[in-house]
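**Q** Sequence:
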Amino acid sequence: MSTWTPSSSSRSSPRCNASRPRTTTKASLPSRKSDDRSSAVSELAASRESFRAEVARFTAAEITPNATAWDQTDPDDSYPMQLFTRLGELGWLGVGFNESLGGSGGGPVDRCILFEELAYGSAGAALGLYVHTALAAGALANIADRELGERFVPGMLAGTTTGAWAYAEPDSGADVTQVRLAARRDGDSFVLNGSKMYITNATFADVILVVVRTSGEPGKLGGLSVLAVDGNSEGLTRSSMHKLGMRPSELAELHFENCVVPADRLVGELDKGFRQCLAVLSQGRVFAGALALGLGRAALDTTIAHVGTREQFGGPLAAKQVVRATIADMTTRLRTVRHLVYSAAEKLETGEDYDTDASIAKLVASETATWVSERCLHLHGAQGFMLESPAQRFYRDCKINEWGEGANELQREMIFEAVSRGYRP
Numbered sequence: 001m002s003t004w005t006p007s008s009s010s011r012s013s014p015r016c017n018a019s020r021p022r023t024t025t026k027a028s029l030p031s032r033k034s035d036d037r038s039s040a041v042s043e044l045a046a047s048r049e050s051f052r053a054e055v056a057r058f059t060a061a062e063i064t065p066n067a068t069a070w071d072q073t074d075p076d077d078s079y080p081m082q083l084f085t086r087l088g089e090l091g092w093l094g095v096g097f098n099e100s101l102g103g104s105g106g107g108p109v110d111r112c113i114l115f116e117e118l119a120y121g122s123a124g125a126a127l128g129l130y131v132h133t134a135l136a137a138g139a140l141a142n143i144a145d146r147e148l149g150e151r152f153v154p155g156m157l158a159g160t161t162t163g164a165w166a167y168a169e170p171d172s173g174a175d176v177t178q179v180r181l182a183a184r185r186d187g188d189s190f191v192l193n194g195s196k197m198y199i200t201n202a203t204f205a206d207v208i209l210v211v212v213r214t215s216g217e218p219g220k221l222g223g224l225s226v227l228a229v230d231g232n233s234e235g236l237t238r239s240s241m242h243k244l245g246m247r248p249s250e251l252a253e254l255h256f257e258n259c260v261v262p263a264d265r266l267v268g269e270l271d272k273g274f275r276q277c278l279a280v281l282s283q284g285r286v287f288a289g290a291l292a293l294g295l296g297r298a299a300l301d302t303t304i305a306h307v308g309t310r311e312q313f314g315g316p317l318a319a320k321q322v323v324r325a326t327i328a329d330m331t332t333r334l335r336t337v338r339h340l341v342y343s344a345a346e347k348l349e350t351g352e353d354y355d356t357d358a359s360i361a362k363l364v365a366s367e368t369a370t371w372v373s374e375r376c377l378h379l380h381g382a383q384g385f386m387l388e389s390p391a392q393r394f395y396r397d398c399k400i401n402e403w404g405e406g407a408n409e410l411q412r413e414m415i416f417e418a419v420s421r422g423y424r425p
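Take the sequence shown: its position 42, counting from 1, is numbered 42 in my numbering, and each next residue is one higher.
Some hints could be false.
[Stated by the list, open to error] If you anchor each label on the Cβ, the simulated ranges turn out as follows: (1) Ala-46 <-> His-242: 42 to 52 angstroms; (2) Glu-43 <-> Ser-189: 46 to 56 angstroms; (3) Arg-184 <-> Glu-388: 43 to 53 angstroms; (4) His-339 <-> Pro-316: 22 to 32 angstroms; (5) Gln-383 <-> Arg-184: 53 to 63 angstroms.
[To be verified] As a list, the in silico DSBU-like pairs of lysine-lysine whose alpha-carbon atoms are at most 30 angstroms apart: (6) Lys-243 <-> Lys-399; (7) Lys-399 <-> Lys-347; (8) Lys-320 <-> Lys-399; (9) Lys-220 <-> Lys-272; (10) Lys-347 <-> Lys-272.
Think of the hints as simulated: they come from the structure by calculation, not from any bench.
From the three backbone atoms N, C-alpha and C, an ideal C-beta is built for every residue, glycine too.
Sequences are here, hints too, so could you generate the full structure?
**A** Printed below as a string of structure tokens:
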């Protein structure tokens, strides 16, 4: 398996707070310059399709055959850690990161391709890699100062250092303003007391990016900060949590009791963490949409294979009009998701305002994955209800997408607010 090297036309992922105005140009007759641009666009598209094919081959060889076994492994030790090493060797953990930090270049579109194809094989395995790269490493690369980024990101992209992103708490989920985990300044350190809940990768992560309250009271926009905390810090207790779906990814509750964190582990600006969190989560919605797309595609293909061979009433299920209509609807909805996800990724890549498009993509992708997975299970009948069937795994895995990176009710609120400000499709 060769290491992927992006085309020279690929862009590196912009910083989380990057925002450039949309530009327009007058129409003109074709010129040599436009021909050159068309050639560059074609080269980039070919490079990306080649990358997609390579990830798909890797998934077919090393992920899909193991997905059921990973799903049924002891939940206290379920994540296939070898994936960090393998993807680090291939350079895929570095997709979308600058070469100066050990990245492979490329941009958000390339990262969507990666997550989509990995999730096609195992959404649970892809989830752990997504949190590690897009959330944890992404925040360090885009928000932290140069020294802190250089301390952690190269190892994370090589797969030798693992990461997690922790903002949810027992009494606060999508509402980041309700964070209560206190970080009191004490000389050259912060002293942490409080808890985090439902944190992916936190059972094993070497570095955990923790959203803390450094000033003010819960409910206020100000006073939040982000700290890069060592996973083996004294005063930090990690407790495994068992869940319905996405079982290969590990989940933990974190408890901090007088946990001392050096002040130089501050990620970004003190008390400015609210907007930093929003930026990380907004980017995350694009990639979460890609993950849901991959899961939905797997459910569709599994359904197509099943109805083509399952005999009922004198012929295959695929010969029944109602089944054919369902397959058509599954395909149509997933095609819509593909457009929404990659349109949002392209806006992110070019520096356009993408936040509302990210919310739309995440909303539609997650609900479509749930609908497609439910149809997949239904058309499998009793066979799909058996633990050895991938249909039941898709059904269990899909639901978390509807509230990850902000529940879909919140996405609808944000979309409406954007519409009231003039956003139009």
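**Q** Tell me the hint numbers this structure goes against, listed in increasing order.
**A** none
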